[in-house]
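J.: For reference, the chains in residue letters:
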Amino acid sequence: MNTYAWLIPILPLVGAAFNGILGKRAGKRAVTVVALGTVLASLLLSIAVFFAMKALPDHRLTLDLGTWMATGSMSVPFGLVVDPLSGIFMLVITGIGFLIHVYSVGYMHEEEGYARFFSYMNLFVFFMLTLVLGSSLPLMFVGWEGVGLCSYLLIGYYYETDFAPDAGLKAFLTNRVGDLGVAIGMMVLFAAFGTLTVGDILVKAGHLGPEAGFGILTFATLMLFVGATGKSAQLPLYLWLPDAMAGPTPVSALIHAATMVTSGIYMICRLAPVFTLAPITMDVVAWVGAATALFAATIGLVQRDIKKVLAYSTVSQLGYMFLGLGASGFAAGFFHVFTHAWFKALLFLGAGSVIHAMHHEQDLFKMGGLRSKMPLTFWTMLAATLAIIGFPGTSGFASKDEILALAYAKSPVLWGIGVIAACCTAFYMLRLFTLAFLGEPRDHHAFEHAHESPRTMTWPLVVLAVGSLLAVFLGWPKAFGGDFRIEAWLAPAITYGQVHLAHGEPGGAEPALLLATISTVLGLGFAWFGYATYRNGLAVAEARAAKFPFLHKLLLNKYYVDEGVELVILGPIRWFGNLLWKLFDVIIIDGLGVNLPGALTRVFGDFTALFQTGRVRNYALSMTLGGAVLLYVFLK
Amino acid sequence: MTWLNSHPLTFLVFAPTLLGLLLLALPQALGKLTRLLGFLGALAIFVLSLAWLLGRAPGAPLAEHAPWFTLVGLPVDYSLAVDGLNFWLVILTTFLVPLTMLGTWNSLKDRMGTFAAMFLLLETGMLGALVAQDLFLFYLFWEGMLIPMYFMIGVWGGDERRYAANKFFLYTLSGSLLWLVALLFLAGKAGSFAPAIMAQAASGLPFGVQCWLFVAFAVAFAIKVPLFPLHTWLPDAHVQAPTAGSVILAGVLLKLGGYGFIRFAIPMFPQAAMHFAKPLALLSVIAIIYGALVAMVQRDMKKLVAYSSVSHMGFVMLGLASFTVIGTQGAMLQMLNHGISTGALFLLVGMIYDRAHTRMIADFGGVATKMPIFTTFFIIVTLSSIGLPLTNGFVGEFQILNGTFLSGFAWGRAYAVIATLGVVLGAVYMLWMVKRVFWGPVNPDEDSGTQHLHSDLNAREIAVMLPLVVLILWMGIHPGTFQAISEAPVATLLKDANAPAIRPLVLPSAPLLGPVEAAAAGHAPASAEVHP
Numbered sequence: 001m002n003t004y005a006w007l008i009p010i011l012p013l014v015g016a017a018f019n020g021i022l023g024k025r026a027g028k029r030a031v032t033v034v035a036l037g038t039v040l041a042s043l044l045l046s047i048a049v050f051f052a053m054k055a056l057p058d059h060r061l062t063l064d065l066g067t068w069m070a071t072g073s074m075s076v077p078f079g080l081v082v083d084p085l086s087g088i089f090m091l092v093i094t095g096i097g098f099l100i101h102v103y104s105v106g107y108m109h110e111e112e113g114y115a116r117f118f119s120y121m122n123l124f125v126f127f128m129l130t131l132v133l134g135s136s137l138p139l140m141f142v143g144w145e146g147v148g149l150c151s152y153l154l155i156g157y158y159y160e161t162d163f164a165p166d167a168g169l170k171a172f173l174t175n176r177v178g179d180l181g182v183a184i185g186m187m188v189l190f191a192a193f194g195t196l197t198v199g200d201i202l203v204k205a206g207h208l209g210p211e212a213g214f215g216i217l218t219f220a221t222l223m224l225f226v227g228a229t230g231k232s233a234q235l236p237l238y239l240w241l242p243d244a245m246a247g248p249t250p251v252s253a254l255i256h257a258a259t260m261v262t263s264g265i266y267m268i269c270r271l272a273p274v275f276t277l278a279p280i281t282m283d284v285v286a287w288v289g290a291a292t293a294l295f296a297a298t299i300g301l302v303q304r305d306i307k308k309v310l311a312y313s314t315v316s317q318l319g320y321m322f323l324g325l326g327a328s329g330f331a332a333g334f335f336h337v338f339t340h341a342w343f344k345a346l347l348f349l350g351a352g353s354v355i356h357a358m359h360h361e362q363d364l365f366k367m368g369g370l371r372s373k374m375p376l377t378f379w380t381m382l383a384a385t386l387a388i389i390g391f392p393g394t395s396g397f398a399s400k401d402e403i404l405a406l407a408y409a410k411s412p413v414l415w416g417i418g419v420i421a422a423c424c425t426a427f428y429m430l431r432l433f434t435l436a437f438l439g440e441p442r443d444h445h446a447f448e449h450a451h452e453s454p455r456t457m458t459w460p461l462v463v464l465a466v467g468s469l470l471a472v473f474l475g476w477p478k479a480f481g482g483d484f485r486i487e488a489w490l491a492p493a494i495t496y497g498q499v500h501l502a503h504g505e506p507g508g509a510e511p512a513l514l515l516a517t518i519s520t521v522l523g524l525g526f527a528w529f530g531y532a533t534y535r536n537g538l539a540v541a542e543a544r545a546a547k548f549p550f551l552h553k554l555l556l557n558k559y560y561v562d563e564g565v566e567l568v569i570l571g572p573i574r575w576f577g578n579l580l581w582k583l584f585d586v587i588i589i590d591g592l593g594v595n596l597p598g599a600l601t602r603v604f605g606d607f608t609a610l611f612q613t614g615r616v617r618n619y620a621l622s623m624t625l626g627g628a629v630l631l632y633v634f635l636k
Numbered sequence: 001m002t003w004l005n006s007h008p009l010t011f012l013v014f015a016p017t018l019l020g021l022l023l024l025a026l027p028q029a030l031g032k033l034t035r036l037l038g039f040l041g042a043l044a045i046f047v048l049s050l051a052w053l054l055g056r057a058p059g060a061p062l063a064e065h066a067p068w069f070t071l072v073g074l075p076v077d078y079s080l081a082v083d084g085l086n087f088w089l090v091i092l093t094t095f096l097v098p099l100t101m102l103g104t105w106n107s108l109k110d111r112m113g114t115f116a117a118m119f120l121l122l123e124t125g126m127l128g129a130l131v132a133q134d135l136f137l138f139y140l141f142w143e144g145m146l147i148p149m150y151f152m153i154g155v156w157g158g159d160e161r162r163y164a165a166n167k168f169f170l171y172t173l174s175g176s177l178l179w180l181v182a183l184l185f186l187a188g189k190a191g192s193f194a195p196a197i198m199a200q201a202a203s204g205l206p207f208g209v210q211c212w213l214f215v216a217f218a219v220a221f222a223i224k225v226p227l228f229p230l231h232t233w234l235p236d237a238h239v240q241a242p243t244a245g246s247v248i249l250a251g252v253l254l255k256l257g258g259y260g261f262i263r264f265a266i267p268m269f270p271q272a273a274m275h276f277a278k279p280l281a282l283l284s285v286i287a288i289i290y291g292a293l294v295a296m297v298q299r300d301m302k303k304l305v306a307y308s309s310v311s312h313m314g315f316v317m318l319g320l321a322s323f324t325v326i327g328t329q330g331a332m333l334q335m336l337n338h339g340i341s342t343g344a345l346f347l348l349v350g351m352i353y354d355r356a357h358t359r360m361i362a363d364f365g366g367v368a369t370k371m372p373i374f375t376t377f378f379i380i381v382t383l384s385s386i387g388l389p390l391t392n393g394f395v396g397e398f399q400i401l402n403g404t405f406l407s408g409f410a411w412g413r414a415y416a417v418i419a420t421l422g423v424v425l426g427a428v429y430m431l432w433m434v435k436r437v438f439w440g441p442v443n444p445d446e447d448s449g450t451q452h453l454h455s456d457l458n459a460r461e462i463a464v465m466l467p468l469v470v471l472i473l474w475m476g477i478h479p480g481t482f483q484a485i486s487e488a489p490v491a492t493l494l495k496d497a498n499a500p501a502i503r504p505l506v507l508p509s510a511p512l513l514g515p516v517e518a519a520a521a522g523h524a525p526a527s528a529e530v531h532p
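Taken in order, these protein sequences are the chains called A and B. Each residue of the first sequence is one higher than the one before, counting from 1 in our numbering. Each residue of the second sequence is one higher than the one before, counting from 1 in our numbering.
Fair warning: there could be bad hints in the mix.
To be verified - Partial list, computed: chain B residues near chain A (C-beta under 10 Å): (1) Gly387; (2) Val434; (3) Ala491; (4) Thr492.
These aren't lab readings, by the way, just hints derived from the structure by calculation. Don't be surprised by glycine CBs; every beta carbon is placed ideally from N, CA and C.
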C-alpha cells in the first residue's frame, strides 16, 4: 500500500489533465466522473496510507521517487513524507476537497466552463497535496506556487468580466511578494544546513542549542514567515483574500478557507523545531497573528456582501492560528486549521447555497427570512456559526480555547486581543446569520423565488456540519479537563529530530478554567448582541452607525489600505519604471551613449566631406597651401 | 560516407549554407517551394544533429581538427568540437531553426526563398561559433552571423528597420573590434589561436594586461548577452525584426554571449574574470531589476518581451559571475530556458500579430474569448517565463540564486537576495500584460486588435507550440537530462580557474554536544564544492 502513496497526488493531476485537454469534448458527465472519481480514489488511498503510517513505530512513512534537481552540492529528490501532520492535512484536503467537488457539481451545473473549472480544481488538489507531502523545501514550494497558480486561475474563472481578472492578478502578485520571502528563506536554510530536505534540516536543527537562533535562523524564519503572511493572508499581505471572493463560491470554500490559506500555518508546523530556535520570529508570528485577528474582525463587522464577511472572518481566524503558533502551540494552531477547515468550508458552502437560491444576490441587506425556504441550509449554517463563535461543545470552542490559553501564557495582552477579536467574530457571525435567515425578507421578489438547493449541494453541507461539531473529540481542551489528544498525535511530527526534549508544558493550568470561562461568556454575550441588533431588521444598526459616522466609514472602506497601497507603492513603481525607460534607457544610455557618438561621427564626416568638392581648382589650392606649410616647417 | 563519418561537425555547420545557396539559386517564382525545401532541409539537419550528438558513445567527444592557414605567422586551425558546454546549445540551434520556419510560415509575403536562405546562412554562423575551438575561427563565425541577421532585419523588418539594422550591426561590430585587437595581441604572444595555449600565454602576462584583455573579451560578449548598460540595441532590433529574426535572436544569438564567457573569457583569464566578478554581478543584478521595471511599462508586447530578455539574461550572467558549480550550471540551463521560453513568446506574439496587425497591449483585451487555444499556450509559456516550479524557468533561477548566495565572494549573499526581487517583478510584467491582453471583456473598439482575431491557432501553429511546451515541462521536471553533460566540464573549469570555495553559513553548534556529535550533525569544514 505504502508504495502507492505517490498516486495520492498524481491521480488528481491525471484528472486535471484529462478534463483540461479533453473535458470539453467528453461532456459534463465524463468530466464529473473523472473529476470526482480521481479525488475520491485519492481520498480512499489517503485513508489507507494514513492508517499504514499510524501502524509504523515512528509514525513516518517516506517514499523516494527519484531525483528532481542535482548539481554541485544541491540534490533535491522527488520524495513524499506521510506523518501525522501531513497525514491529517492530506485527509482534510482529499476529504473536504471531495465534498466540495460534489457540491460543485450542483453549483456549477449551468456553467459553460464546467470542464475548465473541474480541471483547475483537480489541479489544485494535486498541488496542495504536493505542498503537504513534499519531502523537501523546493518540492513544498512546487505546491506552494502551484496552489497560487490555481487560485489565480479560479479567482479569474469568470475571465470575461472586469473584476475577476483584477482580483486574480492581485492574488498572484501579492503571493509572489510573499514567495520572495520563501525563496530567500530556502536559500538561507540551504546555506546553513547544506540540505533542502525537510527531514535532514530538522535533524540538524535538533542538534543546535538555543543560541543558534539569533542571526541566521531568525532571518531565515522571518523570511519564511513573510511567505506565510502572503499565502495565509496576514498583515500586511492579506489584501488579496477579500478580493479573491470574485471566484465561484466552492473555490472560496476549498482554497480560500479550508486548505490553501492555511499553508502558511502548515509550513511553520512542518519546520517547528527551526522556528522554535528563533524566539524573535515566534514573537513576530504571535503579534502579527493577533493583530490580524483583530484587524480583520473589525472590518467584518460592517461588510454587506455575505462572502466578504466570511473572507474577513477567514483572515481573522488565520490570525488566530498564527497566534497559537507564535505561542509555541503548534498543535493548537494546527488543530484550529483542522476545525476551521470544517466550519469555514461549511459557512462558504452554506453562503453559496444562499447565493444560488437568491439568484446570485450576495448582499446581506437584501436577504432575510430564508429559514423557512431553506431549512437544511439554515440548520447546517447554524452548526457552523456556533462552531466559529466557540459555542461550548463545538469544535471551534475547543481549538479557540486552547489558543487563547497559550496566548495568555505568552502575554496577557495577546490574550486580550484574542478575546476582543473573538467578541467581534461572535457579533458579525450572528449578524450574518440573523440577516440571512431570520427576521422578515427585505427583498420580496428574490425571496419568492428562493428555494432549497439540490441534493448534491445539501448533503456535503450535512457532512460538514457533523464534522464541525464532532471534530471537537480530537482535542477537548485541557482547561476543561480534556487531554487535547491531537497534541500527542502530532508530537512525532512536531518534535521530529529533536534531541532536547520539550521543556515542560507551555501555559499554566491554574487560571485556564477562569480565562476560558471569561472568554466564552463574553463571546456568547456579543453573539446575543449581534442577534439582538439585527433581529428586527436594519434600523437599530443604522441608528448606531449614524452615531459614529467616521468609524463606520473607516471600517466600511477597510481602513483605506487598498487606496494607500496604490498611492504609496504601486503608483511610484510604475512611475519609476517609466522614468527608467523614457529618461534613462532612451535618452541617457541610448541617446547620449549610443546615438550621440553616432551623430558626432556623421557631423564630422559631413564636415570633412566639405573638402571633397570634386573641383580641381579647390584641390590645387589645398595642395599649394599644404605644400607651403610643409616648406615652412622644413625650412624654418 | 566515410567522409561524413569523420566530418560530422563540418557537415552540420555547412549543410545549412549549401542548402541556403541552393535556395538562392532557385528562381524567385518558386517562392513557396523554396520555403518548403528550406524547412525540410533544416528539419533534416536537426534530426541528423540529434542522431549524431545523442548517438555518440558516452564520453567520446565529437571533434575535428586540421591545420588551416597561417595568418601573419600565426597558425589558424580548423578545429571543431562538441562537448558538455555546447552540446545542448547546438541542439537548441538546430531545433529552433526549422521550428521557427514552420512557426512563421505565412508571416512573410515576398522573397520567401531569400529569407529562408538568410536564415540558413545564419544557422551556419551560429553553429560554427558554437563548435569552433580555435579563436580565429570563432571570430570568423561570430562576425559572420551579423551579416544574414543584418539583412533579415534590414530587408524584412518593420517600419524603422534600417535604423534598427544599422544599430544592431554597428553596436555589435564596434564591440568586436576591440576584442579583435585583444585577440591578435594575445595570439601574437602565444603564437597560436588555440584557447589553451593562449590561456597559458595570458597567465604569464602582468595582471593588469590580463585585466585589459578580459575586459576586451567581456565587452564583446556582454553586448551580445546583452548586459546592462550595453543592451539598447536589443529592443530596437527585436521590435523591427520579423518574428523569425526575433525568435532566433533571442533563442540563440544572445546565448552566444553567455557561451563566450564560459568557453573563452573565463577559462582564458580566470584571475581577471574573478577580479571583475563583482562588477559583472552588479551589472547582472541591475539588468535583472532594470529590465523587469522597464518591461513593466512597455506598451508593445514585443518590446516587453525584449526587455524581459534583458532581465532573464541578467540571471544567466549572475550565475556565471557566482563562480560556483550550482550557479554556473543554473546559468547554462537558464540559457536553454530562455531560448525555449522567450523564443516561444516571440512566436506567440508573431502569431497574434499576423492576425491583428498590431502588437500594442491596449489594442487587445478579451483575447481569451476569441482564441482559447492560443491563450492556453500563452499562459503556459508565461508560467515558464516567470519561473513557476515544475517549469524550466524555476530550476534555472533557483540554482542561480542559490549558487550566488553560496558564492565564495563576499557580495554573493546580498546580490542573491536583491536578485530574487526580479522573480517578483517578472510575474508583475508578464501577468499584468496577460491580464490586459487576454482577460476581461472583448475590446469593444471596432478597430481593436481583438476584433480582428477571427481564427484560433491552426494545426501547424499547434504543432509548433507543442514541442516547446513539452520541453518547458521536461526541463522543469527532469533537468538532469540537460544538465548532466555539463556538470563535469563546469566543475573542472571552475577548479582550473581556482574559483573560491563556496561559503556556507555557519550556525553556532550546541554547547551540549561534543565535537564528534557536532560533526555528525553536519558541520564539517567546507571543501571546494562539497557542502557540509
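J.: Now tell me, hint by hint, if it's right for this structure.
T.: Evaluated hints:
1. Gly387: holds (9 Å)
2. Val434: Holds. Min distance 8 Å.
3. Ala491: Nearest chain A Cβ about 8 Å off; hint holds.
4. Thr492: Result: violated, 13 Å to nearest chain A Cβ.
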